[in-house]
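Visitor: What follows is each chain in one-letter form.
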Amino acid sequence: MFAVENLKHAYDGTEVLNVAAWRAEQGAQWLVIGPSGSGKTTLLHVLAGILRPSAGTVGVAGQDLAALGAQQLDRFRGQHIGIVLQRLHLIPSLRVMDNLLLAQYLAGLPQDRARAGEVLKTLDLAGKEAAYPHELSFGQAQRVAVARAVVNRPKLLLADEPTSNLDDARCLQALDLLQAMAAACAATLVIATHDQRIRARIPRHFELKAAA
Amino acid sequence: MNLATVSLSYLRARRLSTSLNVLLLALGIATITLLLLATSQLEERMQRDARGIDLVVGAKGSPMQIILSSIYQLDVPTGNVSWQQAQELARHRFVKKIIPLAMGDNYRGFRIVGTTHDYVAHYGARLAHGQLWKAPLEAVLGAEVAAGSGLSVGAHFAGAHGMGGGSEGEKVHDEHQYRVVGVLAPSGSVVDRIVLTSVESLWAVHAEQYDIKDIARIGELMSDEEKEYTALLIQYASPIAAASLPRYINQNSAMQAASPAYEITRLFTIIGVGVDVLRGFAVVLILAAGLSVFIALYNALSERRYDLAVMRALGASPAKLMSLMLFEGLLLALIGAAIGIALGHALTGLLGLALTQAKQVSVSGMTWVNEELWLIVLALGVGVVAALLPAWRAYRTDVAATLARG
Chain V
1 MFAVENLKHA YDGTEVLNVA AWRAEQGAQW LVIGPSGSGK TTLLHVLAGI LRPSAGTVGV
61 AGQDLAALGA QQLDRFRGQH IGIVLQRLHL IPSLRVMDNL LLAQYLAGLP QDRARAGEVL
121 KTLDLAGKEA AYPHELSFGQ AQRVAVARAV VNRPKLLLAD EPTSNLDDAR CLQALDLLQA
181 MAAACAATLV IATHDQRIRA RIPRHFELKA AA
Chain E
1 MNLATVSLSY LRARRLSTSL NVLLLALGIA TITLLLLATS QLEERMQRDA RGIDLVVGAK
61 GSPMQIILSS IYQLDVPTGN VSWQQAQELA RHRFVKKIIP LAMGDNYRGF RIVGTTHDYV
121 AHYGARLAHG QLWKAPLEAV LGAEVAAGSG LSVGAHFAGA HGMGGGSEGE KVHDEHQYRV
181 VGVLAPSGSV VDRIVLTSVE SLWAVHAEQY DIKDIARIGE LMSDEEKEYT ALLIQYASPI
241 AAASLPRYIN QNSAMQAASP AYEITRLFTI IGVGVDVLRG FAVVLILAAG LSVFIALYNA
301 LSERRYDLAV MRALGASPAK LMSLMLFEGL LLALIGAAIG IALGHALTGL LGLALTQAKQ
361 VSVSGMTWVN EELWLIVLAL GVGVVAALLP AWRAYRTDVA ATLARG
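Chains as they are written, first to last, in the working numbering: chain V, 1 to 212; chain E, 1 to 406.
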């Protein structure tokens with residue numbers, strides 16, 4: 001589904017990421033683990049096409065990301081990659097439904113209220129369509145963030161530290177959610193984490209070493 | 001969901017800052033709208049009132065005062081001119097038509113002007129009711145006078161001495177009651193604001209040595225030396241007159257000639273200074289609004305750093321973020337311009353109401369001048385310029401770095 005080779009990224013001459021090779025099948029679920037500063041977030045950004053690596057090749061869903069122009073890459077990301085950020089970052093001035101429609105609009109897809117409503121319903125958010133993000137509990141907000149990431153039926157679902165700062169019960173809930181939603185749209189799931197609690201739940205681990 | 005919805009949602013989320021920016025811009029636009037409407041209408045009306053009058057002759061004094069008092073019924077007259085000299089002037093070969101005016105009284109602040117039927121014809125005024133005056137002490141009311149006083153055909157009233165400046169204790173000519181014989185339809189000219197009668201009426205009212213019964217024959221009873229006019233409106237027989245007639249009058253008589261065209265231009269030059277000051281003030285307001293919009297958008301940028309990065313992560317191109325900020329500036333400007341122009345028209349309407357009550361040349365808030373389109377363009381320009389730098393910064397958002405920090 002995706003494959004990276006000889007991936008290197010450097011900031012101001014300091015190498016922050018070095019991956020010789022990694023590939024994942026469609027629908028597979030992976031953890032990216034490693035200590036802070038080992039480049040977990042950077043790797044996620046490279047997979048998402050948010051960051052162009054200094055060297056190496058990245059292919060997602062059969063597409064070589066380096067071959068895409070800036071605007072094509074943005075469009076590709078919007079349509080095929082869903083991202084759940086650690087701090088969620090819902091757009092505070094938009095209602096829940098509009099946050100989902102925004103994801104469709106920015107990806108250049110038709111705005112499908114029925115699809116958005118269906119996703120919200122699956123995530124037990126029916127009735128919250130008109131709420132603003134600040135009116136939601138943390139758990140609800142997290143589910144909206146997941147809903148926004150999967151509303152376009154992505155092929156690749158990325159989550160950056162989705163369970164840090166959560167207690168044990170919520171941690172497992174969040175993980176269940178991500179796994180279920182990824183499975184529902186047959187997306188490959190990649191979770192970057194240093195959370196020991198979820199290691200046992202996902203057997204495939206990709207380990208990054210701390211930068212030298 | 002589109003850029004407009006997102007922009008609007010951000011504007012709604014920051015209501016206070018949005019209202020302040022809109023208000024600032026609206027005040028500036030309203031001031032300029034008011035100036036545009038008021039000056040264009042005043043100029044148009046003043047030019048219309050003076051149309052076809054080549055020269056005004058009055059007693060020696062300020063030419064501007066002669067024009068203001070005789071054509072616009074605004075200032076007080078400079079004095080009187082003798083009937084005999086007026087007759088001589090009427091025979092001058094350069095004079096095509098002469099309309100005499102006699103003033104000195106008012107009814108509830110509306111001037112009573114003694115003249116000939118030529119005056120009514122000159123302004124193209126039509127009768128709404130009744131007929132024009134035939135005998136002394138018959139009066140015809142301008143449309144605003146009729147509306148303001150409630151008098152109609154058949155009513156009687158007495159004039160008060162003075163030009164209606166509103167001073168207390170004006171002497172009322174009780175013994176000489178005017179009778180209303182006609183009411184004019186609105187003409188949009190100075191005629192609307194005055195009471196018209198014959199010149200003899202004013203002579204009769206002020207010549208108390210004659211018996212009230214002899215009023216009808218007052219013109220015959222008075223000696224030529226006693227008869228006086230306040231001013232004369234003159235139409236030239238030929239364009240050459242402009243070069244010689246004013247000089248001839250000023251040098252060979254006790255009268256003063258004043259050219260309406262010249263004095264109006266001079267008046268607007270003088271008013272122009274005040275208008276320029278107000279306009280400058282409005283421009284400062286608009287610039288302040290632009291600056292305020294800029295600061296608001298710039299601050300919003302740091303608040304929205306993550307929002308912008310998230311939008312990029314959701315597939316938005318940098319150009320889209322740039323348009324988002326530009327659109328927000330444009331939207332603010334458009335709302336400000338719309339409110340400002342509406343406010344400007346409302347203020348002009350209020351000004352018109354006040355001027356009508358003061359019996360002055362009036363303006364209306366219900367007209368539209370093409371320059372207002374330029375005002376909208378100006379406002380939108382200010383909005384875009386204010387949003388340029390924030391838009392550029394949004395364009396340059398470093399998604400990876402911003403998200404990594406969050």
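Everything labelled a hint here was simulated from the structure, so no lab data went into it. Idealized CB from N, CA, C, for every residue including glycine. Check before you lean on any hint, since a few could be wrong.
A few chain V residues that don't get close to chain E, going by computed Cβ distances all over 12 Å [said to hold, decoys possible]:
no. : residue
1   : 8
2   : 33
3   : 48
4   : 62
5   : 64
6   : 98
7   : 170
8   : 202
Example chain E residues on the side facing chain V (calculated, C-beta under 10 Å, incomplete) [unchecked claim]:
no. : residue
9   : 13
10  : 188
11  : 213
12  : 311
Visitor: State the violated hints by number, sorted upward, taking the hints as numbered earlier in the document.
Guide: As far as the earlier hints go, 3, 6, 10, 11 are violated by this structure, in ascending order.
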